[in-house]
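S.K.: Okay, here's what each chain looks like letter by letter:
2 protein chains.
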Amino acid sequence: MPDISLNHLAVVVDSLDEALVFWRDALGLAGTGGRQSIGDEGVDVAFLKLGDSRLELIQPTAEDSGVARYLAKRGPGLHHVCLEVSDLDSKLQALRASGVELINEAARERDGRRYAFVHPGSACGVLLELYERI
Amino acid sequence: MPDISLNHLAVVVDSLDEALVFWRDALGLAGTGGRQSIGDEGVDVAFLKLGDSRLELIQPTAEDSGVARYLAKRGPGLHHVCLEVSDLDSKLQALRASGVELINEAARERDGRRYAFVHPGSACGVLLELYERI
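If you're matching them up, the sequences are chains A and B in order. Taking the numbering used here, the leading residue of the first sequence gets 3, the next gets one more, and so forth. Taking the numbering used here, the leading residue of the second sequence gets 3, the next gets one more, and so forth.
Note that these hints are calculated values from the structure, not bench results. Do not rely on the hints blindly, as some may be mistaken.
Given that identical chains are not distinguished, each listed pair holds provided it fits within a single copy or across any two copies.
[To be verified] Below, computed lysine to aspartate or glutamate pairings styled on DMTMM-like, alpha-carbon distance capped at 25 Å:
id: 1; residue 1: K51; residue 2: D66
id: 2; residue 1: K51; residue 2: E65
id: 3; residue 1: K75; residue 2: D46
id: 4; residue 1: K75; residue 2: E111
id: 5; residue 1: K51; residue 2: D91
id: 6; residue 1: K75; residue 2: D5
id: 7; residue 1: K75; residue 2: D54
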């Protein structure tokens, strides 16, 4: 396993159902795990298999969510990239030492997964999520 | 090898040199093949290893290029996704039959690589490139 790999690539969509008609039914990506509601983020998501990584489709379900504002401002499209690293704390420390701006200065945890976001201003306009590999 | 896999994820940047300072030097992605000039597209590109796929960094070098116009309008950030399929002609035919709008109705070829682009209007705002696996 390399030190860094792609966990998922996320796309914001108007409608999960319509997105699945293209990405799953027409293009042929296999679904993994069905649709999930993440209530506290105001989104529904679905994951499709993309080789060794995954495509995450995100539909906002609450008008005041960050993703809903993103969709209203920029329209549907590529939203963020999530890379897996073997040691998240060391990676965050190295990034800070290089002057990289982090959205989360320290790793956060959700459902047993440690993660942090790098600010797009330090990553060529890309919203970059980092996962610790489990 | 799955029917569909990720070949690369492309990011438009203001400066390849500055982009490499983040993605290669600070984050730690390994370079693959150095910087290449694609004169007829008015861009310089560099590829970094991203697990089994690659991150493509694209810097426009001609003001009238499509990528330069994209950068001027939207700023740096995620630009396109390139998936590999085992049989490109069959995939394009299936997509057309599903009502998907293609930028290239038939596969094109460059440097021995057959490819075609799907219109973002049919792919949730994502500019999607399809490669035939070689």
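S.K.: Run every hint past the structure and note whether it holds.
M.R.: Results of checking the hints against the structure:
1. Within a single copy, K51 and D66 get their C-alpha atoms no closer than 29 Å, and across copies no closer than 37 Å, so neither meets the 25 Å cut-off.
2. Proximity of K51 to E65 under the C-alpha cut-off of 25 Å is found in neither arrangement, the shortest distances being 28 Å within a copy and 37 Å between copies.
3. In this assembly of identical chains, K75 and D46 lie within 25 Å of each other by CA distance solely inside one copy; the values are 19 Å within and 30 Å between copies.
4. In this homomeric assembly, K75 and E111 never come within 25 Å of each other (Cα to Cα): the closest approach is 28 Å inside a single copy and 36 Å across copies.
5. With identical chains, the CA atoms of K51 and D91 are at most 25 Å apart between copies only, with a shortest distance of 22 Å across copies and 28 Å within one.
6. Taking the shortest Cα distances, K75 and D5 never come within 25 Å of each other, neither inside one copy (35 Å) nor across copies (35 Å).
7. Taking the shortest alpha-carbon separations for K75 and D54, neither the intra-copy value of 32 Å nor the inter-copy value of 33 Å comes in at or below 25 Å.
The structure is inconsistent with the numbered hints 1, 2, 4, 6, 7, although it conforms to all the rest.
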